[in-house]
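Asker: In case you want the letters, here they are:
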Amino acid sequence: MEPLASSRRGFVNFLLGSGFGAMAVWMLYPVLRYLIPPKSGEATIASVPVPWKPAEIKANSGRIFKFGSQPGILVKTPAGDLRAFAATCTHLNCTVQYREEKQDIWCACHNGIYDLNGKNVSGPPPRPLEPYKVNVKGDQIVVSKGA
Amino acid sequence: MPTSLAELAKILNAWVDERIDLSGVRELIRHKVVPVHRHTVWYYFGGMTLFLFIIQVLTGILLLLYYRPSAEEAFESVQFIVTEVEFGWLIRSIHSWSANLLVATMMIHLFSVYFTQAYRKPREITWLSGMSLFGIFLFFGFSGYLLPWNELAYFATKVGTDVAGQVPVVGHLMARVLRGGDDVTGATLSRFYGFHVAILPLATTAILGLHLFLVQKQGMSVPPEIERSGQPLRTMPFVPSFLLRDLVGWLSALAVLGALAAYFPWELGVKADPFAPAPAGIRPEWYFMYMFQTLKYIPAKIGPIDGEVVGVLGFGLGGLFLLLVPFLDRKTARGEKSPLFFWIGVGIVTYIVVLSVLGYVAPGGK
Ligand code: FES
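Residue numbers (our numbering), protein chains in the order written: chain X, 807 to 953; chain L, 290 to 655.
Worth flagging that the hints you see were computed from the coordinates, not collected in a lab.
Computed from a prediction, not measured in an experiment: that's the story for all the values here.
Errors might be hidden in some of the hints.
The calculated lysine-lysine pairs, modelled on DSS-like cross-linking and capped at a C-alpha distance of 30 angstroms, are [unchecked claim]:
hint, chain 1, residue 1, chain 2, residue 2
1, L, Lys321, X, Lys859
2, L, Lys590, X, Lys925
3, X, Lys951, L, Lys590
4, L, Lys590, X, Lys908
5, L, Lys560, X, Lys872
6, L, Lys560, X, Lys864
7, X, Lys845, L, Lys560
Work the whole structure out from these sequences, hints included.
Answerer: Take a look at the structure:
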């Protein structure tokens, strides 16, 4: 049998230890939650008008536009088709650009290349660019999600 | 009345000694020695890193006086520092150059410790604390790179935080916590600023304290090869012999730093624009270059897994290997030769050097 004093000490130590442990968790939890940023309140955007007229855009060119808080890329193919994609590279998040000389969409970060259908054709990008739908209503180009 | 400075110092010393017993400190100074052998030169790189860190603290505090951490003002405030504030360009340039030299000397220190197997028992804790400092300083560099809010840094940060996001399971959360949101925005800048000027300095102070304490307590490690040779070990006193040599090194570093900062002022670049494409020639700081270059070479898919996930895991394992080397290298621990670990080290260094060089010379542009 343990002497009474020592088992009492053990009990008190146990209480103290678990008390401090619980307190640490109790203090740490709000801090950890605080570190995680809240979801942005921005409603997800379904479509945006781009700030250029169809006639302004020459064939074989591409421009970046704002799709909500994200960059999109509007491309006019050499044949004159208008296409739009999310401009965010599927590799590691850089913003892509149109290359007139090579007639492709290029990401400078790790030399990723997409064709004019947004398909990843060379370099590290693992997936095609997210395609958008392009509607021309008279003088206005409207780009919307879900092509 | 004291008649000379020396006398004044003596009186002051006696005054303090009467209140706080300084004999321990005096003993330490008198007895601290540094082993002398053909690898002694490597002992200087830790002190050199420390010296550069002190420069970082001082210039960093000065930059704080004008810098403004917001997406709207950061670039302009750094521009203000380098164009309007007297000697602002010099302070900023020294801060950037010194950061880079610091990483270089730190790497030399790390690998010299590795190759002289100074990590072996009883210095495992010193190694662990050193590796933590290594991680902290890389993070210092990464967070500081973004603060001027220029184009290069903006995209480097996008890529860098996205790399963290590739870590399986916790990656997404990690990237969000790092960025202060889903994207790199002004919120990221605020966060990085907080890391750079508060959290990392605090962590450094604590861990560096431990690191230096252990070095004092245990003294310098003697490479096993020298120990095995059985020759009597020569030493030199730390004060003044080693310290004076250290000082020469520090003064030279200061001279190099001054010259670099004055003749090659650190560029500011163009302000970041989230709605501009990543510019050609985008690159991170040189010490992340080998990782960056590796990411270019890894194919999009390796089997069913995205290539970059494999890359991230690879670097993670490499780092973990270095961290745990004192516990993995059983042979050195037993006092035997350990060629395997020597060659792994050579492999790591070669990999880093080759990929870094490729990062600067390999084509892959427009
Ligand atoms: S981020 Fe586009 S290729 Fe890597």
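Asker: Holds or violated: L/Lys590 and X/Lys925, Cα atoms, limit 30 angstroms.
Answerer: It holds: about 15 angstroms lies between the C-alpha atoms, which stays within 30 angstroms.
Asker: Next pair to validate is L/Lys560 with X/Lys864; report whether the Cα-Cα distance is within 30 angstroms.
Answerer: holds, 28 angstroms
Asker: X/Lys845 and L/Lys560 were given as a pair; does the straight-line alpha-carbon distance stay at or below 30 angstroms?
Answerer: holds, 27 angstroms
Asker: Is L/Lys590 within 30 angstroms of X/Lys908, Cα to Cα?
Answerer: Answer holds: L/Lys590 to X/Lys908 is near 24 angstroms, not above 30 angstroms.
Asker: Mind checking the alpha carbons of X/Lys951 and L/Lys590 for me, to see if they're no more than 30 angstroms apart?
Answerer: holds, 27 angstroms
Asker: Does X/Lys859 lie within 30 angstroms of L/Lys321 when you go C-alpha to C-alpha?
Answerer: violated, 77 angstroms
Asker: Could you grab the alpha-carbon distance between L/Lys560 and X/Lys872 and see if it respects the 30 angstroms cut-off?
Answerer: holds, 18 angstroms
Taken one by one, the earlier hints fail for this structure only at number 1.
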